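Trainee: Order-wise, the sequence lines are chains W and C.
Under our numbering, the first sequence is numbered contiguously, ending at residue 201.
Under our numbering, the second sequence is numbered contiguously, ending at residue 171.
Simulated from the structure, these hints should not be mistaken for lab results.
Please read these numbers as outputs of a predicted model, since none were measured by experiment.
Possibly wrong hints are sitting among the right ones.
[To be verified] No farther apart than 16 angstroms at their CA atoms in a straight line, the calculated lysine to aspartate or glutamate pairs in the EDC-like style are these:
{"#": "1", "chain 1": "C", "residue 1": "Lys41", "chain 2": "W", "residue 2": "Glu158"}
{"#": "2", "chain 1": "C", "residue 1": "Lys41", "chain 2": "W", "residue 2": "Glu110"}
{"#": "3", "chain 1": "W", "residue 1": "Lys18", "chain 2": "C", "residue 2": "Asp27"}
{"#": "4", "chain 1": "W", "residue 1": "Lys147", "chain 2": "W", "residue 2": "Glu101"}
{"#": "5", "chain 1": "W", "residue 1": "Lys34", "chain 2": "C", "residue 2": "Glu82"}
{"#": "6", "chain 1": "C", "residue 1": "Lys52", "chain 2": "W", "residue 2": "Glu132"}
{"#": "7", "chain 1": "C", "residue 1": "Lys4", "chain 2": "W", "residue 2": "Glu101"}
{"#": "8", "chain 1": "C", "residue 1": "Lys41", "chain 2": "W", "residue 2": "Asp9"}
{"#": "9", "chain 1": "C", "residue 1": "Lys41", "chain 2": "C", "residue 2": "Glu55"}
{"#": "10", "chain 1": "W", "residue 1": "Lys44", "chain 2": "W", "residue 2": "Glu189"}
{"#": "11", "chain 1": "C", "residue 1": "Lys4", "chain 2": "W", "residue 2": "Glu189"}
{"#": "12", "chain 1": "C", "residue 1": "Lys52", "chain 2": "W", "residue 2": "Glu110"}
{"#": "13", "chain 1": "W", "residue 1": "Lys177", "chain 2": "C", "residue 2": "Asp27"}
{"#": "14", "chain 1": "W", "residue 1": "Lys122", "chain 2": "C", "residue 2": "Glu55"}
{"#": "15", "chain 1": "C", "residue 1": "Lys4", "chain 2": "W", "residue 2": "Glu110"}
{"#": "16", "chain 1": "C", "residue 1": "Lys41", "chain 2": "W", "residue 2": "Glu123"}
{"#": "17", "chain 1": "C", "residue 1": "Lys52", "chain 2": "W", "residue 2": "Glu158"}
{"#": "18", "chain 1": "W", "residue 1": "Lys34", "chain 2": "W", "residue 2": "Asp9"}
{"#": "19", "chain 1": "W", "residue 1": "Lys122", "chain 2": "W", "residue 2": "Glu132"}
{"#": "20", "chain 1": "W", "residue 1": "Lys177", "chain 2": "W", "residue 2": "Glu197"}
{"#": "21", "chain 1": "C", "residue 1": "Lys41", "chain 2": "W", "residue 2": "Glu131"}
{"#": "22", "chain 1": "C", "residue 1": "Lys52", "chain 2": "W", "residue 2": "Glu163"}
{"#": "23", "chain 1": "C", "residue 1": "Lys41", "chain 2": "C", "residue 2": "Asp12"}
{"#": "24", "chain 1": "C", "residue 1": "Lys4", "chain 2": "W", "residue 2": "Asp109"}
{"#": "25", "chain 1": "W", "residue 1": "Lys34", "chain 2": "W", "residue 2": "Asp55"}
[Stated by the list, open to error] To spell it out: a stretch of chain C is covered by chain W in this simulated footprint if at least three of its residues, at any positions, have a beta carbon under 8 angstroms from a beta carbon of chain W; those stretches are:
{"#": "26", "stretch": "4–16"}
{"#": "27", "stretch": "35–45"}
{"#": "28", "stretch": "60–67"}
{"#": "29", "stretch": "101–108"}
Glycine included, C-beta positions come from ideal geometry on N, C-alpha and C.
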Amino acid sequence: MSAERWKDDEALLESLRKGTPGAVDELLRLYQGKIFNLAMSILKNESDAEEAAQDVFMTVIRKADTFQGNSAFYSWIYRICVNTCLMRLRGKRRNETVSIEEFMPVFTDEGMHASPMDDWSKEVERDALNEELGQMIRKYTEELSEKYRVVFVLSDVEGLSNEETAKILGLTVPAIKSRLHRARLYLREQLSRYLLEGKAG
Amino acid sequence: MNCKELAYMLADYCNGSMDPRLREELDDHLSRCEPCMAFTKTFRATCEGTRKLREAIEYAIPAEVRERLGTFVRAAALKYPEKMREYRDQIERDRREKVADLVSAATAGKLSSASALLMESHCAACPECSGYFDALRSTGTPPAGDPPAGIRSHLIALMQALPPGEEFFLA
Ligand SMILES: [Zn+2]
Ligand SMILES: [Zn+2]
């Protein structure tokens, strides 16, 4: 996170605390898009994401006074967003998600690959497949349970470091790394099946 | 290193953060194992695909959502200090009422047994409160206005010490 961002956040927090005119506008300017997008990627529904974003901003305004500042402001607001969204998901019938276990690579007892591997990496380097690949990654990511999806979105989509993601989710860095890796292994497997099926069909 | 171990180390390998000795071992395995080579290449392609996806995602918030969200948050933020003040005023009014009730119940000897006990032991240790109540009892008239701030805070603490649901005066 850049020093610039830090300074912006510090000033913003201070003006929110004091109730300076324009503080809320600045908060919206800096975070409206990010919070809505983060909520969208967790909730996958526009009206849910909008309501969640309302809750997030109200919580931030209400709690700006008591925010301790021992973590960065953006990580605090992301954390509020993640918690708000997860609480909304909890209240709902859980979306049907795939089991990540079904898409982990399979090994023999000796730790060797249990089935032959196809190298499709050259194929996806061709431009024609790029957009399709992006769409597939999106689709498969959406099917992940939120435990993995949230980590994947913060790290790979938002581009946050493992340390930042760990702070936001209140998890350890090794836990983040492991979830992220499993999410990528899962994606690789899904893409593999998709591309090979396409070839067969 | 076997194929399984290799598969679970690929993240560090791909982002270049792997320990050089391990990396050598991994490269050695790759050069001898065709499935792992294919696995590694396709894993890399997957990560690359995600990176491209990240670049392609723009922070798009639909204009009408931006509009609505902004209006809602600004309006709520404006009302917020007012709401807080209302809330604090309400609490203050409730408290004042309760303190007045407690004082008149204590003056009239109508405290419940639990609060009479609390009051007694407090007054035994607190000359301020015992002086205040002694004076009230001797005149027998309820006080005009709030008790002094010090006494008031003692009484509030006393009421908070009562078990929940316990009334401090006799019906
Ligand atoms: Zn191998
Ligand atoms: Zn006292």
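Trainee: Does each hint fit the structure? Answer for all of them.
Mentor: Cross-check of the supplied hints:
1. With a CA separation close to 24 angstroms, the supplied pair Lys41 (chain C) and Glu158 (chain W) exceeds the 16 angstroms bound.
2. Note on Lys41 (chain C) and Glu110 (chain W): the hinted pairing is violated, with a Cα-Cα distance of about 22 angstroms set against a maximum of 16 angstroms.
3. Under the criterion of a C-alpha separation no larger than 16 angstroms, the hint pairing Lys18 (chain W) with Asp27 (chain C) is inconsistent with the structure, at around 57 angstroms.
4. The hinted pair formed by Lys147 (chain W) and Glu101 (chain W) meets the criterion: a straight-line CA distance of about 13 angstroms does not exceed 16 angstroms.
5. Of the pairs offered as hints, the one joining Lys34 (chain W) and Glu82 (chain C) is violated, with about 29 angstroms between alpha carbons and a cut-off of 16 angstroms exceeded.
6. Under the criterion of a C-alpha separation no larger than 16 angstroms, the hint pairing Lys52 (chain C) with Glu132 (chain W) is consistent with the structure, at around 12 angstroms.
7. A distance of roughly 15 angstroms separates the Cα atoms of Lys4 (chain C) and Glu101 (chain W); the hinted pair therefore holds under the 16 angstroms criterion.
8. Of the pairs offered as hints, the one joining Lys41 (chain C) and Asp9 (chain W) is violated, with about 40 angstroms between alpha carbons and a cut-off of 16 angstroms exceeded.
9. For a cut-off of 16 angstroms, the pair hint linking Lys41 (chain C) to Glu55 (chain C) is broken: about 21 angstroms separates their Cα positions.
10. A hinted pair counts as satisfied when its Cα atoms are at most 16 angstroms apart, and Lys44 (chain W) with Glu189 (chain W) does not qualify at roughly 23 angstroms.
11. Distance hint between Lys4 (chain C) and Glu189 (chain W) is fulfilled; the C-alpha atoms sit about 15 angstroms from each other, no more than 16 angstroms.
12. A threshold of 16 angstroms between alpha carbons decides the hint, and for Lys52 (chain C) with Glu110 (chain W) the separation of about 36 angstroms lies outside it, so the pair is violated.
13. With a C-alpha separation of about 22 angstroms, the suggested pairing of Lys177 (chain W) with Asp27 (chain C) is violated against the 16 angstroms cut-off.
14. Taken as a hint, the Lys122 (chain W) and Glu55 (chain C) pair is broken in the structure, with Cα atoms around 21 angstroms apart against an allowance of 16 angstroms.
15. Proximity of Lys4 (chain C) to Glu110 (chain W) is assessed by CA-CA distance (about 9 angstroms); at most 16 angstroms being required, the pair is judged to hold.
16. Using a Cα cut-off of 16 angstroms, the hinted pair Lys41 (chain C) and Glu123 (chain W) holds, with the two alpha carbons roughly 11 angstroms apart.
17. Among the hinted pairs, Lys52 (chain C) with Glu158 (chain W) is consistent with the structure: their alpha-carbon atoms are about 12 angstroms apart, no more than 16 angstroms.
18. Simply put, Lys34 (chain W) and Asp9 (chain W) have alpha-carbon atoms about 14 angstroms apart, close enough for the 16 angstroms limit, and the pair holds.
19. About 15 angstroms separates the Cα atoms of Lys122 (chain W) and Glu132 (chain W), which keeps this hinted pair within 16 angstroms; it holds.
20. The suggested pairing of Lys177 (chain W) with Glu197 (chain W) is violated, with an alpha-carbon distance near 30 angstroms, which exceeds 16 angstroms.
21. At most 16 angstroms may separate the alpha-carbon atoms for a hinted pair to count; Lys41 (chain C) and Glu131 (chain W) exceed this at roughly 19 angstroms.
22. Under the criterion of a C-alpha separation no larger than 16 angstroms, the hint pairing Lys52 (chain C) with Glu163 (chain W) is inconsistent with the structure, at around 22 angstroms.
23. Among the hinted pairs, Lys41 (chain C) with Asp12 (chain C) is consistent with the structure: their alpha-carbon atoms are about 14 angstroms apart, no more than 16 angstroms.
24. The hinted pair formed by Lys4 (chain C) and Asp109 (chain W) meets the criterion: a straight-line CA distance of about 10 angstroms does not exceed 16 angstroms.
25. The suggested pairing of Lys34 (chain W) with Asp55 (chain W) holds, with an alpha-carbon distance near 14 angstroms, which does not exceed 16 angstroms.
26. Given a C-beta distance limit of less than 8 angstroms, the hint that chain W covers the stretch 4–16 of chain C holds, as 6 residues qualify and 3 suffice.
27. With 10 residues bearing a CB less than 8 angstroms from a CB of chain W, the stretch 35–45 of chain C meets the requirement of three and the coverage assertion stands.
28. Coverage of a stretch by a chain is defined here by at least three residues with a beta carbon nearer than 8 angstroms to that chain's beta carbons; for the stretch 60–67 of chain C and chain W the count is 5, and the condition holds.
29. Note: the stretch 101–108 of chain C has 0 residues with beta-carbon separation from chain W under 8 angstroms; the three-residue rule is not met and the coverage is violated.
The structure does not agree with the numbered hints 1, 2, 3, 5, 8, 9, 10, 12, 13, 14, 20, 21, 22 and 29 stated previously, though it agrees with the rest.
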